[in-house]
Amino acid sequence: MTSLIRGKVRRKTFVAREDLLSHLAEIAERKGFSLYAFVNNIFELVIKAEDAGLNLKRFLDDYTAVKRAKEAGFILWLERLCYVMADIAYERSRNQAVKEWFEAGMWFAKRYILGFEDKCWEEFVRDLKALLWNVQEFEVEQNGDVVTLRVLSPKFTEAYTHLLNAFLEGCISAFGYVVSFKEVYRGRIFLEAIKAGGETERR
Amino acid sequence: MGRLKGGKKLVYVSEDVLEAIAEVCREKGVAIGRFIEDALKQAVRLEELGYNVEEVADILEVIKAQKILGGAFIPQEVLNFMINVVYKAKSEELRAGCFESGKLYGRYMREKFSNPIEALKRFLETSRWDLSEVNVSSEGNINRLRCVSTVLSVEGTELLTKFVEGVIRGLGYEVLKVEFIKGIVIMEFKKV
Numbered sequence: 054m055t056s057l058i059r060g061k062v063r064r065k066t067f068v069a070r071e072d073l074l075s076h077l078a079e080i081a082e083r084k085g086f087s088l089y090a091f092v093n094n095i096f097e098l099v100i101k102a103e104d105a106g107l108n109l110k111r112f113l114d115d116y117t118a119v120k121r122a123k124e125a126g127f128i129l130w131l132e133r134l135c136y137v138m139a140d141i142a143y144e145r146s147r148n149q150a151v152k153e154w155f156e157a158g159m160w161f162a163k164r165y166i167l168g169f170e171d172k173c174w175e176e177f178v179r180d181l182k183a184l185l186w187n188v189q190e191f192e193v194e195q196n197g198d199v200v201t202l203r204v205l206s207p208k209f210t211e212a213y214t215h216l217l218n219a220f221l222e223g224c225i226s227a228f229g230y231v232v233s234f235k236e237v238y239r240g241r242i243f244l245e246a247i248k249a250g251g252e253t254e255r256r
Numbered sequence: 109m110g111r112l113k114g115g116k117k118l119v120y121v122s123e124d125v126l127e128a129i130a131e132v133c134r135e136k137g138v139a140i141g142r143f144i145e146d147a148l149k150q151a152v153r154l155e156e157l158g159y160n161v162e163e164v165a166d167i168l169e170v171i172k173a174q175k176i177l178g179g180a181f182i183p184q185e186v187l188n189f190m191i192n193v194v195y196k197a198k199s200e201e202l203r204a205g206c207f208e209s210g211k212l213y214g215r216y217m218r219e220k221f222s223n224p225i226e227a228l229k230r231f232l233e234t235s236r237w238d239l240s241e242v243n244v245s246s247e248g249n250i251n252r253l254r255c256v257s258t259v260l261s262v263e264g265t266e267l268l269t270k271f272v273e274g275v276i277r278g279l280g281y282e283v284l285k286v287e288f289i290k291g292i293v294i295m296e297f298k299k300v
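So the protein sequences, as listed, match chains A and B. FYI, in our numbering the residues of the first sequence are 54 to 256. FYI, in our numbering the residues of the second sequence are 109 to 300.
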């Protein structure tokens with residue numbers, strides 16, 4: 054429980070875990086701040102985040118994903134133009150467009166398989182959810198050898214939906230899943246996939 | 109820092125900041141102690157991840173703006189492919205789309221940031237990581253923006269140019285000069 058004791062020059066004290074404060078004191082010293090100044094900076098940042106409607110933990114999760122996206126060769130682009138471009142590319146060069154998106158998905162997923170070993174699926178799903186911030190609903194479930202992905206986003210165009218589906222299929226195929234059922238239409242993707250060589254597939 | 113029983117310590121913080129925290133906690137219905145501990149944990153995590161607490165405040169604003177205004181992640185290779193395909197047929201439409209989107213971003217920045225030119229620079233540095241350099245300088249009432257990228261194609265550079273031109277117009281500035289070649293955009297502008 055925090056106790057607030059009024060200090061002299063409009064300062065107050067609060068109680069916090071000693072290990073946390075010691076860690077912060079080390080960081081502050083390294084950066085050339087007093088602990089007081091550093092802790093104030095932290096709280097100002099947290100307040101700023103709250104005022105902006107953002108939660109620092111959530112932001113950190115998102116920002117970590119953004120950093121990984123950057124490392125994985127993603128770029129932030131204008132969403133509306135993505136749809137326009139997807140429509141035209143899909144109309145003019147459908148097979149190549151699907152191939153490009155599928156391969157991008159495979160490449161994206163392989164980075165997790167190679168980089169995270171035991172936790173690769175969890176890390177992949179967490180980052181994918183953060184990266185698809187323009188998707189209204191995105192759910193991934195893994196049940197034994199079976200994986201299901203659901204995407205719902207009414208603003209997607211038909212072409213963009215199919216291309217995103219190709220990306221997702223590329224991702225799950227990199228993890229060794231084979232699509233067993235899919236339903237794709239404007240703004241909606243449902244994919245069910247089974248681990249190749251897994252129990253479910255053998256049955 | 110005063111030591112208390114049970115692995116706790118007392119630490120000073122400015123009264124104003126603590127009052128603001130108390131206000132946030134009241135609104136959220138959370139205990140101040142828990143809130144403070146979470147904030148400190150996240151700060152440690154920030155530093156461990158190699159981020160800087162001061163920089164993160166700026167990045168927060170940019171990410172929020174991108175979420176509001178419609179930024180979407182797309183694999184660079186896929187984007188390059190689509191630009192190549194689409195540019196042949198609809199380059200004018202693409203340029204116009206970039207310009208109009210830029211204007212919207214500019215209007216948003218004008219309303220939200222006290223120094224919108226600095227906000228533009230931060231925005232480009234934070235969200236356009238295909239740029240290796242973003243520089244803004246001023247001489248009198250003339251501002252000069254320079255963006256450099258080693259990976260942008262000619263088409264990508266042109267679309268970035270139109271987008272930035274739109275942002276500058278949206279910010280309420282008049283674009284005086286635009287130059288671009290593959291990977292470099294230079295723009296001069298002044299307040300209307």
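Derived from the structure by calculation, the hints contain no laboratory data. Only a predicted model underlies this, so the values are computations on that prediction, with no experimental measurement involved. Please note that the accuracy of each hint is not assured.
Some but not every residue of chain B turned toward chain A, in silico, with C-beta under 8 Å [said to hold, decoys possible]:
| # | residue |
| --- | --- |
| 1 | V119 |
| 2 | V125 |
| 3 | V138 |
| 4 | L148 |
| 5 | L154 |
| 6 | L168 |
| 7 | A197 |
| 8 | R215 |
| 9 | R218 |
| 10 | S222 |
| 11 | I225 |
| 12 | N243 |
In silico lysine to aspartate or glutamate, DMTMM-like type, Cα no more than 20 Å apart, as pairs [what the hints assert, rightly or not]:
| # | chain 1 | residue 1 | chain 2 | residue 2 |
| --- | --- | --- | --- | --- |
| 13 | B | K172 | A | E132 |
| 14 | B | K117 | A | E82 |
| 15 | A | K182 | A | E192 |
| 16 | A | K172 | A | D198 |
| 17 | B | K175 | A | D104 |
Don't be surprised by glycine CBs; every beta carbon is placed ideally from N, CA and C.
Against the structure, the hints:
no. : hint                 : in the structure
1   : V119                 : 6 Å, holds
2   : V125                 : 5 Å, holds
3   : V138                 : 11 Å, violated
4   : L148                 : 5 Å, holds
5   : L154                 : 7 Å, holds
6   : L168                 : 6 Å, holds
7   : A197                 : 6 Å, holds
8   : R215                 : 15 Å, violated
9   : R218                 : 17 Å, violated
10  : S222                 : 13 Å, violated
11  : I225                 : 20 Å, violated
12  : N243                 : 20 Å, violated
13  : K172(B) with E132(A) : 15 Å, holds
14  : K117(B) with E82(A)  : 18 Å, holds
15  : K182(A) with E192(A) : 8 Å, holds
16  : K172(A) with D198(A) : 16 Å, holds
17  : K175(B) with D104(A) : 16 Å, holds
When held up to the earlier numbered hints, the structure conflicts with 3, 8, 9, 10, 11, 12 and fits the remainder.
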